[in-house]
Amino acid sequence: QKEVEQNSGPLSVPEGAIASLNCTYSDRGSQSFFWYRQYSGKSPELIMFIYSNGDKEDGRFTAQLNKASQYVSLLIRDSQPSDSATYLCAVKTSYDKVIFGPGTSLSVIP
Amino acid sequence: KAGVTQTPRYLIKTRGQQVTLSCSPISGHRSVSWYQQTPGQGLQFLFEYFSETQRNKGNFPGRFSGRQFSNSRSEMNVSTLELGDSALYLCASSRQGATSYEQYFGPGTRLTVT
Chain A
1 QKEVEQNSGP
11 LSVPEGAIAS
21 LNCTYSDRGS
31 QSFFWYRQYS
41 GKSPELIMFI
51 YSNGDKEDGR
61 FTAQLNKASQ
71 YVSLLIRDSQ
81 PSDSATYLCA
91 VKTSYDKVIF
101 GPGTSLSVIP
Chain B
1001 KAGVTQTPRY
1011 LIKTRGQQVT
1021 LSCSPISGHR
1031 SVSWYQQTPG
1041 QGLQFLFEYF
1051 SETQRNKGNF
1061 PGRFSGRQFS
1071 NSRSEMNVST
1081 LELGDSALYL
1091 CASSRQGATS
1101 YEQYFGPGTR
1111 LTVT
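Residue numbers (the working numbering), protein chains in the order written: chain A, 1 to 110; chain B, 1001 to 1114.
Mixed in with the good hints, there may be bad ones.
[As the list claims (entries may be wrong)] Straight-line distance between alpha carbons at most 25 Å, and here's what the computed DSS-like set of lysine-lysine pairs gives:
(1) A:K2 to A:K97
(2) A:K42 to B:K1013
(3) A:K97 to A:K56
(4) A:K97 to B:K1057
(5) B:K1057 to A:K2
[Stated by the list, open to error] Chain A stretches covered by chain B per the calculated footprint, using a threshold of three residues with CB under 8 Å from any CB of chain B:
(6) 38-47
(7) 97-103
It is worth saying that the hints were derived from the structure and are not from the lab.
As the structure is a computational prediction, the values presented were derived from the model and not from experiment.
By construction, the Cβ of each residue, glycine as well, lies at the ideal position given by its N, Cα and C atoms.
The task is simple: from the sequences and hints, build the whole structure.
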């Protein structure tokens, strides 16, 4: 079992729809969770982080964390073509390493 | 506030050579982590330095090494380059307070080994 798993996609959504990206992790002691966006040819950009169970909202982005299910998700409301990118889930494990998932490719269709 | 900077941005080396990459973190950030990114393997953790000490290490051979200076700038060295070392090398800095683990990435160094 990989430490951090994501659906590789590609995930295609129409402009204006909600995009839902999912991530599961194996280390139950993990405490910190991050979402990065990476455009082709660019480095990852931190867009959300969440440390507590529940939802955290920032503009059009909502991160959801369920530690009991070892599951973290990212919702993008009112998706725009500029949101088309690869989204990386990262988890800071109980042994202090930040492990990245393989990423989910999102395509927002105008 | 200036972001993370990495030099050089692009590098072409020959198999068997060695290379040194440099990373300057965001001012005030004391932790620097290095990652290798390839299409097949994704983002793989190399090592993390905090206050000039290696705090964590990934599963890479000993040819990959690093260090951190007193001003938090970090260097990564790869000796005896192999074709498979061709990748984007990213460094990320973090403030690393009691509740602050967010990492911010530099633009990366694209290394091509021929």
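Verification of the hints:
1. A:K2 to A:K97: This hinted pair holds, its Cα atoms lying about 14 Å apart.
2. A:K42 to B:K1013: holds (22 Å)
3. A:K97 to A:K56: With a Cα-Cα distance of about 23 Å, the restraint between K97 (chain A) and K56 (chain A) holds, given a limit of 25 Å.
4. A:K97 to B:K1057: holds (8 Å)
5. B:K1057 to A:K2: With a Cα-Cα distance of about 18 Å, the restraint between K1057 (chain B) and K2 (chain A) holds, given a limit of 25 Å.
6. 38-47: holds (count 5)
7. 97-103: Our answer is that it holds, as 7 residues pass the Cβ test (under 8 Å) against chain B, meeting three.
Hint compliance for this structure: no hint is broken.
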